[in-house]
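Student: Below, each chain spelled out in residue letters.
2 protein chains.
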Amino acid sequence: MRETLDFLLNDWLRVGELSARERFADHNAETFGAVLDTCERLAREKFAPFNRLADTEEPHFDGEQVHLPQATHEAMRAFVDAGLLAGSQDYELGGMQLPCVIEMAGKAFISKASVAMSGYAMLTKGNANLLMAHGSEAQREVFAKNEFAGRWFGTMCLSEPQAGSSLSDVATRAEPEDAADPLGPRYRLKGNKMWISGGEHEMTENIIHLVLAKIPGPDGKLVPGTRGISLFVVPKKLVTPAGELSGERNDVALAGLNHKLGYRGTTNCLLNFGEGRFKPGGKAGAVGYLVGKPGEGLKCMFHMMNEARIGVGLGAVMLGYAGYEASLEYARQRPQGRAIGPGGKDAAQPQRPIIEHADVKRMLLAQKSYVEGGLALELFCARLVDEANTGDADAAAEATLLLEVLTPIAKSWPSEWCLEANSLAIQVLGGYGYTRDFPVEQHWRDNRLNMIHEGTHGIQGLDLLGRKVVMDGGRALQLLAARINATIERALPRPALAERVNELAAALAKIGRATKSAWATGAPEEALANATPYLQAFGHLVLAWIWLELALAAEGESDFARGKQAAARYFFAYELPKIDAWLAVVASREPLCREMQDAWF
Amino acid sequence: MRETLDFLLNDWLRVGELSARERFADHNAETFGAVLDTCERLAREKFAPFNRLADTEEPHFDGEQVHLPQATHEAMRAFVDAGLLAGSQDYELGGMQLPCVIEMAGKAFISKASVAMSGYAMLTKGNANLLMAHGSEAQREVFAKNEFAGRWFGTMCLSEPQAGSSLSDVATRAEPEDAADPLGPRYRLKGNKMWISGGEHEMTENIIHLVLAKIPGPDGKLVPGTRGISLFVVPKKLVTPAGELSGERNDVALAGLNHKLGYRGTTNCLLNFGEGRFKPGGKAGAVGYLVGKPGEGLKCMFHMMNEARIGVGLGAVMLGYAGYEASLEYARQRPQGRAIGPGGKDAAQPQRPIIEHADVKRMLLAQKSYVEGGLALELFCARLVDEANTGDADAAAEATLLLEVLTPIAKSWPSEWCLEANSLAIQVLGGYGYTRDFPVEQHWRDNRLNMIHEGTHGIQGLDLLGRKVVMDGGRALQLLAARINATIERALPRPALAERVNELAAALAKIGRATKSAWATGAPEEALANATPYLQAFGHLVLAWIWLELALAAEGESDFARGKQAAARYFFAYELPKIDAWLAVVASREPLCREMQDAWF
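If you read the sequences in order, they're chains A and B.
According to the UniProt record's numbering, the first sequence is numbered sequentially starting from 1.
According to the UniProt record's numbering, the second sequence is numbered sequentially starting from 1.
Note that these hints are calculated values from the structure, not bench results.
Errors might be hidden in some of the hints.
Remember, identical chains collapse to one label, so a pair may be satisfied in a single copy or spanning two.
As the list claims (entries may be wrong) - The list that follows gives simulated cross-link-like pairs (lysine-lysine, DSS-like), each with its CA atoms no further than 27 Å apart:
1. K516 / K237
2. K221 / K293
3. K345 / K578
4. K345 / K221
5. K221 / K510
6. K190 / K237
7. K299 / K190
8. K516 / K578
9. K516 / K345
10. K578 / K510
So that you can see chain A by itself, here it is in the shape it has in the complex (with noise of 0.2 Å):
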């Protein structure tokens, strides 16, 4: 992966250009380098090994702590000690100053190896980022900082058994108790969270939870809908205006954890906040602080969701990879079979490695570009992150924008394909694929939850067709074309790449006239009652441009350009083609399964 990784930072994304800006002036290749180099051998050292006993010995809850696996405790903490949580922070606040695609370069190695164990850091990040960007200065000081020096971890505490999907249900409500604490306004919390990853560990002194909850209007009643939402900032156990523990216990209890499918090396909780288990202050009610402002709450977590999708995107992919690195070792190394050749098959002769049958490379291809081009995604949004912070302001505008078209993308689509990836690493590996011998099995466990945690498919694809694709009069969907155009532009000269170039060409405009066609009528339930074969659609068209630049990209006839250029020429051949049968339920606004009735299942 390293080869792959170096290539798409330095010969695709130019990263070393950034080494140009203020910020990151100090950097250089040398010192990302380095940072890769950490990660790589943190990776390998403190994470790989235990990926299958953080499965095996899930987070079990003895009524008083939970208890995870003493490895997971270490790797947190070589994470922890090697500066990783603050890596793109400001170098005041315990940071490198890295930029966020070499920070997610370096935590793709971390993903790689284990997903679940690592999951408690990008929970954490990104609540101390949120903190960063809508928390007062007091709330930066005393949680964030804390959160970036690994003391504390952190959570966001969102759905609730009955609001799932449906956040502007949220009934946990926030009755004000102190609006002049140092912390910021104080409020009592009463409610309880569902699926909250990370909600309950012993690996750091303290949890920082990020809640949404609701205040009640002067009627006591609590506002209908998102508007009314507001976030708090609720630590597990009270702290002081100086960030140190003040002794007393939050109103924040574990009701229960939940038995995973996969991923269960991350604790997911149901925790109840304010019940009365414990009584700060002498009386119940969860101590929390108001973080920007009333009714701003889901605004001011979206801050969070955002960045999560991307880790989503890129947790989805590293378990692709990790699936495609066990089925390549083990086609190359396995002998079944020989090849068929015009007289057919001698069995005189000895078996063959299976990675000799064109099905078998079929299959390895497929992960191949799925892996390989979900990566390339999850960095150039990364790279995206780094201009809307650091570049001018046209450059940092239009990153902005691409962003919000491309976040769902980056969300939903290494959910569906990189676990295909994992499904075919399995029939690679065939019956062994089958057993828990071989971790192949787990990664496509894992990888399963993507497709549902931090908004479902369905969630993302009414994002992308009913918001992202309209918004400010289509300008993010006109910005990607642009991007793609000049992509082709750039193409064009290169015969070896001509089909590709009119295979793109041909898959936009089908983009274009499906998206005009969805909202022909102006109906948002006509257009939008399709939503998901329009996310998959758009997905590919977005995969099939990566692919392009990366086949621009990888010139010349070493082996390694090889494969990236029959990658390509996998994803287009294979792949692109399937758009057309997603198009054109979408371009029909096919009513069917608005029209279904209950009563006819």
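Since the structure of chain A is provided, determine the placement of chain B on it from the hints.
Tutor: Using the frame of chain A, we list chain B on its own:
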């Protein structure tokens, strides 16, 4: 499901007409219904409540015995006591002379309740059926009869650690010992067999293994290739010609259990034959009796394999069906979100059941089209078996040929698409679906086996494109095309089906052209490089045909009929168009995969 099953059997396949045949003369709609009632009750009482237990209490080996949950013992006993193992056998064998199609319809209930707990039955029945076809009278009397009676269970032992898909590399040796044994020519076997389902357990007093092995030539060497393979019946405990246990243990020893991703209720074993753990007659070597002629082992075994492949298909379908029912029930009860109307959503209104969302209905319709279509396909194949067994000569020959071309589809298509149904069921349940508190994650794990065992997807593709569609000058494909065209003829007068008729005719023509193009150069390595995409396209063509058949059979405006029409429309609108992408690489003989080099990965 019962309503759909009755519709498929009575309205579509008209099984009542079978009563006119001598073999089924005692049967009628009532006796058929009674069998289904029995199976439905057994499934509900003895299997379904323990399916999760069979997963969590995985079989374990204490060094002497393999332990299964008591519930599995009791469920299999109840199955045997109801006479279901011998359902389609002659009266004189203790059977009921049921048509295969009825037997399979009954089995559908059991498989839906617990495919893994009931795996032993499928193997035993297949084993005994093979002996009925190819065994000597003594073998039928001693082994098959006791298997049908459920006194002993059976297995099939093909794979070895170094010979999975490549059976020509079977290395188990069979040395002649006594040509005049009353149970058949007696040999001593020595070798290791892998992936043996049902290979060890204590449910029955004996286990009857059917084992592929090679008889050495005069030079002591094994003949390379499949021609050298012979078939032996090898009991775990030796038996007398009178069918009683002799008291002596055969030299068959469990080397270990495989620990699987799913399907855990069926033991899966590594068996050592003839390693000397036991010494029947005072010496090492597993005692086995030749079945059929030397060198014809694979031909005999395929008798069981074809049956097993349709059985695998049914199992895959029923896992899909179980997930469909679970997710449908959940979607009807779970409130979340609100309808998208022209004015957006009104958060002040109560939440609505998720079955009202178009995307949820899409996921349910997809499942419905996969699992009901898949069930129809498996029953159709079973009905063909009845035709092959009891039809007049021409009809029997035609049915046999159709079965040849449909078996790879009956096996592979549900393995892929009913697995996808299981994934959609998880998605409908969201986070809950990802927990082990709901059954859908287990269905998905269980179903992942079906693309692997009894011939992988890759093997099915080679069988279809490399053998079945070209055999007898393409006669099987022509027959299928004639059947499809007959359906089209019947649908022509129905205006509501006009679009479907055109689409099916076009798809059939595309398959015909792609088949020709694939073989245009006559080079197997060129044709077969894309055998798997061909298999996928062919499967979707067959299912589209099945759905047009069902749309024709489901007349009227009842909710039931409208559901079938909607599922048919779903399949044609959302699924059938996928064949273009698959066939493009087949028709162009896309050489990418076979030309790909190891070093380029």
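Student: Does each hint hold? Answer for all of them.
Tutor: Hint-by-hint comparison with the structure:
In this assembly of identical chains, the alpha carbons of K516 and K237 never lie at most 27 Å apart, being 52 Å within a copy and 72 Å across copies at closest. When the C-alpha separation of K221 and K293 is checked against a cutoff of 27 Å, the pair qualifies only within one copy, where the shortest distance is 19 Å, while the shortest distance between copies is 84 Å. When the C-alpha separation of K345 and K578 is checked against a cutoff of 27 Å, the pair qualifies neither within a copy, at 34 Å, nor between copies, at 33 Å. Taking the closest pair of Cα atoms, K345 and K221 come within 27 Å of each other only across two copies (20 Å); inside a single copy the shortest separation is 77 Å, beyond that limit.
In this assembly of identical chains, the alpha carbons of K221 and K510 never lie at most 27 Å apart, being 48 Å within a copy and 62 Å across copies at closest. For the homomeric pair K190 and K237, the shortest alpha-carbon distance inside one copy (16 Å) is at most 27 Å, but the shortest distance between copies (66 Å) is not. In this homomeric assembly, K299 and K190 come within 27 Å of each other (Cα to Cα) only inside a single copy, at 21 Å, whereas the closest approach across copies is 70 Å. For the homomeric pair K516 and K578, the shortest alpha-carbon distances inside one copy (20 Å) and between copies (22 Å) are both at most 27 Å.
In the homo-oligomer, the alpha carbons of K516 and K345 lie at most 27 Å apart only across protomers (23 Å), although the nearest pairing inside one protomer, at 53 Å, exceeds that limit. For a Cα distance limit of 27 Å, the shortest separation of K578 from K510 qualifies both inside one copy, at 12 Å, and across copies, at 16 Å.
In the structure shown, a violation is registered for the earlier hints numbered 1, 3, 5, in ascending order.
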